[in-house]
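Colleague: Could you put the whole structure together from the sequences, leaning on the hints where they help?
Here are the chains, one letter per residue:
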Amino acid sequence: MPEFVMPDLQPIMPEIALTCLALAVLLADLFIKRKEVIALLSILSVGTAACLMGDSLGVTFNGMFISDGYSIFFKLIFFLNVILTILISVKYLVIERVNFGEYYALLLFSTIGMMIMASAGDLVVLFLGIELMALSTYILAGFIRYDVKSNEASVKYFLLGAFASAFLLYGIAIIYGLTGTTNIQAIADYIGRNGLAGNPVLMVSMIFFVIAFSFKIAAVPFHMWAPDTYEGAPTSITAFMSVGPKAAGFAVLGRVFLTAFGSVRVEWAAILIPIAILTMGVGNIVALSQTNIKRMLAYSSIAHAGYILIGIITGTLQGTAGVLTYLLIYAFMNMGAFAVIIMLRSEDFRGDKITDYKGLAKTHPLAAALMLVFMFSLTGIPPTAGFWGKFYIFMAAINAGYTWLVVVALIFSVISAYFYLRIVIYMYMKEPKETVRLTTSPTLGLALAITLAAVIIIGVFPDRVIEFARIALTGF
Amino acid sequence: MIQQLFFAYFSAAIVLLSILVITRRNPVHSVMWMLLLFFHLAGLYLFLGAEFIAAIQVIVYAGAILVLFLFVVLLLNLREELKTNRFITSWPVSLIICGGIFLLIIYSLRDFLLGPIGKYSVEYVRKETNTVALGKILYTEFLLPFEIASLVLLVAIIGAIVLAKRREKSH
Amino acid sequence: MNNYLLVPLLPLAAFLINILLGRNILREKAHWVSIFAVAGSWIVSVMILLDVLNGKTLDEDVYTWIISGTFKVSVGVLIDQLTAVMLIVVTTCSMLIHIYSVGYMHGDKGYYRFFAYLSLFTFCMLMLVMSNNFLQLYFGWEGVGLCSYFLIGFYFNKKSASDAGKKAFIVNRFGDFGFGLGIIIIFLTFGSIYYGPVFSQAGGFAEQTVNFLGYDVHLMTLIALLLFCGAIGKSAQMPLHVWLPDAMEGPTPVSALIHAATMVTAGVFLIARCSPIFNLSEVAMVLVALTGAITSLFAASIALVQKDIKRIIAYSTISQLGYMFLACGVGAYTAGVFHLYTHAFFKALLFLCAGSVMHAMSGELNIQKMGGLKKYMPVTYWTMLFASLSISGVPGFAGFFSKDEILWLAYAGTNPVGKLVWAIGTIVAFMTAFYSFRLIFLTFHGEFRGTQEQERHLHESPKTMTIPLILLCVGAVGAGWVGIPHLLGGGAYFTEFMKPLFGHPEAVGTHAEEGMLMMISVIAGFSGIGLAALFYLKRTDIPLKLGQQFSSVYRVLFNKYYVDELYSFIIVRPAIWTGRNILAGITDAKIIESVVNGVPNAIGGFSRALRKIQTGVLHHYAAVMALGLLIILAVMLLG
Amino acid sequence: MVPLDWYLILSATVFMIGVFGFLTRRNIIIMFLSIELMLNAVNISLLSFSHYMQDMRGQILAFFVIAVAAAEAAIGLAIIIALFKNKATVHVDEMNEMKG
Amino acid sequence: MEKTIINNLGFPVLSTLIFLPVAGAVFLLFVNRSRGTVIKGVSLVISLITFILSLPLFVKFDRTTHLMQFVERHEWIRAWNINYHLGVDGISILFVLLSTLITILCVLISWNSIRMKIKEFYISLLVIEGAMIGVFCSLDFMLFYLFWEAMLIPMYLLIGVWGGPNRIYAATKFFLYTLVGSVLMLVGIIVLYLYSGGTFDILELMTKTYPYNMQLWLFWAFFAAFAVKVPMFPVHTWLPDAHTEAPTAGSVILAAVLIKMGAYGFLRFSLPLFPEASKAMTPAMLVLSVIAIIYGGVICLAQTDMKRLIAYSSVSHMGFVTLGIFSLNTQGMEGGILQMINHGIITGALFLSVGMIYDRTHTRQIADYGGVASVMPLYAAAFMIFTLASIGLPATNGFIGEFLIILGGFAAKQWAGVLAATGIIIGAGYMLWLYQRVFFMQTNPKVAELKDINAREMVTLLPMVLLIFWIGLYPNTFLGFMHESVRHLLERINEGSGQEIAAAKNIMEILK
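Chain order of the listed sequences is A, B, C, D and E.
Residue numbers are given in our numbering: position 127 of the first sequence equals residue 148, and the series is strictly consecutive.
Residue numbers are given in our numbering: position 118 of the second sequence equals residue 350, and the series is strictly consecutive.
Residue numbers are given in our numbering: position 56 of the third sequence equals residue 47, and the series is strictly consecutive.
Residue numbers are given in our numbering: position 55 of the fourth sequence equals residue 85, and the series is strictly consecutive.
Residue numbers are given in our numbering: position 243 of the fifth sequence equals residue 477, and the series is strictly consecutive.
A couple of the hints might just be wrong.
Here are the simulated BS3-like cross-link-like pairs (lysine-lysine), alpha carbons at most 25 Å apart as the crow flies [said to hold, decoys possible]:
{"hint": "1", "chain 1": "C", "residue 1": "Lys529", "chain 2": "C", "residue 2": "Lys366"}
{"hint": "2", "chain 1": "C", "residue 1": "Lys100", "chain 2": "E", "residue 2": "Lys685"}
{"hint": "3", "chain 1": "A", "residue 1": "Lys383", "chain 2": "E", "residue 2": "Lys274"}
Think of the hints as simulated: they come from the structure by calculation, not from any bench.
Modeller: In structure tokens:
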């Protein structure tokens, strides 16, 4: 008969703080008219959470909540993601005429969900974290209520999301039945102890997990929602989704598969390798023939998921570190790209067609130059940050003996060069048809400055990031 | 023996009702069948010694969620629904896929081995009622998930408001 | 030593000055620089000759040109009898022709350019003859080729001229291809490309056979023949003779200097220079002899029917060069060089006279349209007459002695084909006499057949042109006297002079035989002259009749045996055709590019096809997910 | 005593019926109901596990499932209403503004 | 890890050479784009300073050792033991100098011909210069790869933005072609790194020996990258397009420096790292080289576009270079390296010249010309010199290189030498034909009014002319740099395997 003992709240402080602050933001929205203030508040609350994360190492709620380097790194990515999203949203929401305070609150809740996912030590927590993140994102995707595309985006995302989480639940149920526990570590021990490796039922549950997580990271063939949702959702949310939930998905994927199913790596690697190849292939190849830049970046983000999966497949610390690094870098460069895209949006102009970028270098050299950098970074050309992400993962893969997989990945990345270059071609090598008017704002400028600086600096001095990723994984 | 019969009835009913739920043309009917289905499920749960969940199934699920459905269904008048066809044209393909998956799952279940037996035997639970036992775990071991669940519900509320409530488009 | 270097450097300086300042500053005074330079090097050459006569030879490096591993070569100077003779020939002709050009090129807009090129040519030629190693020789070799390219194409606005220049250069490249390989193999054989070590070690490899491209060949033969390739090209021997007739597009002084007196004889010089190697390969010798003989016959036969005054002389040059090769082939290097030396004078003279004629005829070349010029331009007439006598081998004239010595040594020499080539040589002697005098008679005797205003404007050329003619004429007549054979009570000084280099050519035969052969060749010469006189002075109808009777033969001869057509058919056209249709058309455009562009296009198509899956219908998305699940389950559970 | 497998088969059956409904019905509400079916199927197996393992966690899980189901229902129906406002249809296959 | 000679000048010369242009580019970012002359002036000054700063290398270089000189070494990425490690030896130094010189000329030649996006143009140009020098100085594989790839971006823009009508196709082709090659090299690099127990340091990697099979794989992986850059047959088809479409400066840089990187890569990496594999692959390489020589030459005969013709001639000349390199003996290799420089100078000069006349007539079609010599005598003279150098006339630099290469090639494989020599004939054929069609014959009315080259253009061409004769008449200045490094490289290749192929000693060895 366990007596109730107050659990140690130190590790979970960031989450708690952020939750309270999010609620505060929600309330503040009621009597603050200037939404910029709300945005500022949200950023501050994220900042607070980040500060609290400093000394939050530890495991609590009897193993249900793990705050280790791994989760902290991911949380940093989430913070980064949400802050940049807020920065690029401020002006954009006004343009889209949906300038409501809930937006920021939901962003924060979604972030909390991701944080919980990252440090979930128990499948229940994990599941709830996913739901928290997902539900908020569904709403955000459909945030432009009067816009059919936005509706459609959120409907598709929601229905398929619910569909996928049903599978996740089924998986959890089965694993529970097999092991009698939902604690990830315990599952790992149980599988190890009772030699469940190769048990078909375990396999089935594992496959269900694969589906659910693949859905979150938009891996082929569970990616179908991504292009439509990315295209329909508000651009700022597209940016948000293309980084945050994806990263969170990888967080849980890594946690579950490397810990719980660590002992049956061979099996799930056999599942993930084809998925990874398909993901890179479909993502890169279909992106070639896109006409809408948001959609193109959707496919590009699918492709990137493919590269990152390789890091997971290796199952080594090096590979995992690669995943962390890649996601961090990806956050910067993708956010940057979306920031530029948002600039083109103005009241009377959607500006999400690739053809809208014709001659941008002539009309707006600076914006074009920024886009150039981000595109080359996404391609992975040194000396941009994107290169080091790929490099890290590929090195890990080769080290783990997956040289052929790396060659495949590299071939696909060459293909990807083509559609990233298309943007450059349009911007630099074609004549502008009509002059697009850029809508800029200080916050947007700030976001661009941050991302650009990061892409370049990490590109030239990646040492810090790499070291950080390595340190984060000590004891994982 | 009696148990088998009991189970046989419930399972048969459940399967039948589920089929009805997804095949009815009129959503109202579907919801109704769903309602009936939930009661049967509740019964099954009782049979599995989960009184509390059975109760929730009836009160929350049937009582709240389904009614919500009903409201929505009635809110959107669906006259044309009754004319158009209910399945997408390519439903046989889906049928094959589902059948395949089903068979494979069943096939895998052959060698299912159950996890460790815990202490909550029927007698043990009967000593302190199911609800109490549940509550104890819920508020000690599963405190964190419980809190998170509350957050989830909160988000749901906000979301519902944001999406559904009329509000003049802010400048 | 140092002043020896003046020989090549003065012309070089002249070239630089002219090319840099000529256009704007010197203009029509350009010739002074060149003439003084050449005169300077002529004087030095004479000093060198005297030194050599006093038995003072020299072999020194000036500076190191290339070092790479064991491969080392410098720019150096080698002075010996051969060099000395060549120096005299080159500088003398060059100087006289420089002077002649002053009058000939007067008022040409490329005046300075002309003299610059002449000086450059002189420089290269001198580098060639003074070199002490093969690579420097090659340098001069290509250098003179370049100058001839420039000078042939001097009137570059004329297509024919620029064509001819290009042709000369490329045909020569074919020869140099072999020459270059020869040098490489020499280096690989001897580990050096200096004459000294090479020739001294050559004996050691006399019997060496090596595997070349899979065939076992006699090393020395291989080297000799490769070098001979170069010689053939430069000296316009068959089958690479085609460029020389076209080279007549250039100004006449050029034809005289480069395509008669000096450059074309470089081939002969090369073989003479490499006699130690050639001597070790009988095969090579025979081949050289035959090539020479056949070429001379072949060229002479063409010369019989040509109408173009310069072409006639050009073909006669080819045939005379054939003579020299013939000589070398039979081992009579001395005779070959001797003929080279005499030929330089009378052939240069012939050309200059032709030039003078053209000058008077305002550029007319067709001898059918001339005639009776004797009274208008006596100097030209007499000098040309002497030259023709000399070339026809009329006793006492320069040509007689050299030609005669060649024939005698061919006959009496040890070369297996000696007798044969002697026979050919004699026939050629006859033909030579015939066409030379055909030229004289048609040009200077009889009635003038040109137009009225041409006739009105006929005149003797200016002093600057006639004086060189006279001077050369002296050479054409007297140059041979340094080599009067013992038979005629001469001292055969030339042979003696050359002995240190070539030794004494062994000839088995009595003075009687020698005398008889001499008679035969003299008869051949005179009969040729006589026949020409008959045809073109008395019975001027015969040639026409013959022409009609043997029209086919006539046509073949007139069209130079269609060699040009043949080459363009088997080499030039196929090359361009392959380039355009096979390589550019098929390999690049069709094969490689179809891959290079095909792959992206295929991917693009695939992409468009793959897009179709994304139907936008939610059910399909879910179905795809389910399908994925099904496949994974199936593979993992059943597979 | 009913063998556990029966329950599992039942749950699988219901689950797949739900999946089938989701894959084939055009009406968004019914699709949604299908998802509810799937969740309930999961609950069946959870509870049966918990019963046969004599372990409470299963029930707890089922409890959370229901909670989440409620939340999803709220959001989902809200989304449906929002959609219906813009585009008076509940037929999901008619929403293909975005494709390719 | 063998010792190196630390930079003995007062300042980090190599870093300066690399980053001064980059800094210049950054500075240009902040110059108002309307101030065209300022931009040009700045870039001219920068490139001049860079050149002047590169001269100490030329003077202070110690020719008596093969060791790396002017070395700089700083930690860069500790995690992977990647270092910022620069240095030059006899093989690379000349390319550094060439790069600094060529850039000046490119700035000059673009002075009036580039009219739009001037700012971006000169920024790209300077960045390229930095990257080029970086490639030749890097002693760390990742650093090398970084510069190697970084080069692509500005070059891509150079072709794509300021190029001819078909520029986008050409630029994309160039970019993807090169990328395909270099990604395979990346795999190779990583494999090396892991095998060698975690170092990217080239000098350190060179001290190790690798199993034969691995060598083979890696050789081909690197081959993919280098062969494309060279370009070797059959992956040469990007070159004609790139050259034809690129602006003059672009073509010059491509021809003069960029395509040298491939051959340089063979020398610096393939040969010393995979000696056995290289030796095993020599026949294949020689065959490809010979094909390139003849193929490139013959195809030139079919060209109607000047730049395209010169581009294909580059294929042919680079064939000579690779032939020399893979003849694996002193003469061949030194000839190869020298020929790289020569080709840089000659073809660079040819493209400069074509650019000059293109600026006047805006046509590259040979048919549109004729008789130019009579209207532009000076230009014709300069072009003649370059033509002669290109067909390897003695006393020009072309001769030295080609002769040494043919000598080396013949010593390695007779047929290689003989076939390569035919390339000289073909070369004379197409170049002289080109010259005749453009400069000789009746003056084409289209060009009757042209003005002769002005002072700026003369200044642009003069250094090339001087270098052509300098190398032609006294090549030892340049060969002197190589001897030690080449000797050491050959030792490295021959160590292990018994037979000595370093120097062609006696015919009996070669003609057996």
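Colleague: For every hint, state whether the structure bears it out.
Modeller: Going down the list of hints, with the structure as the test:
{"no.": "1", "hint": "Lys529(C) with Lys366(C)", "result": "holds (19 Å)"}
{"no.": "2", "hint": "Lys100(C) with Lys685(E)", "result": "holds (19 Å)"}
{"no.": "3", "hint": "Lys383(A) with Lys274(E)", "result": "holds (19 Å)"}
Against the hints set out earlier in the document, no violation occurs for any number.
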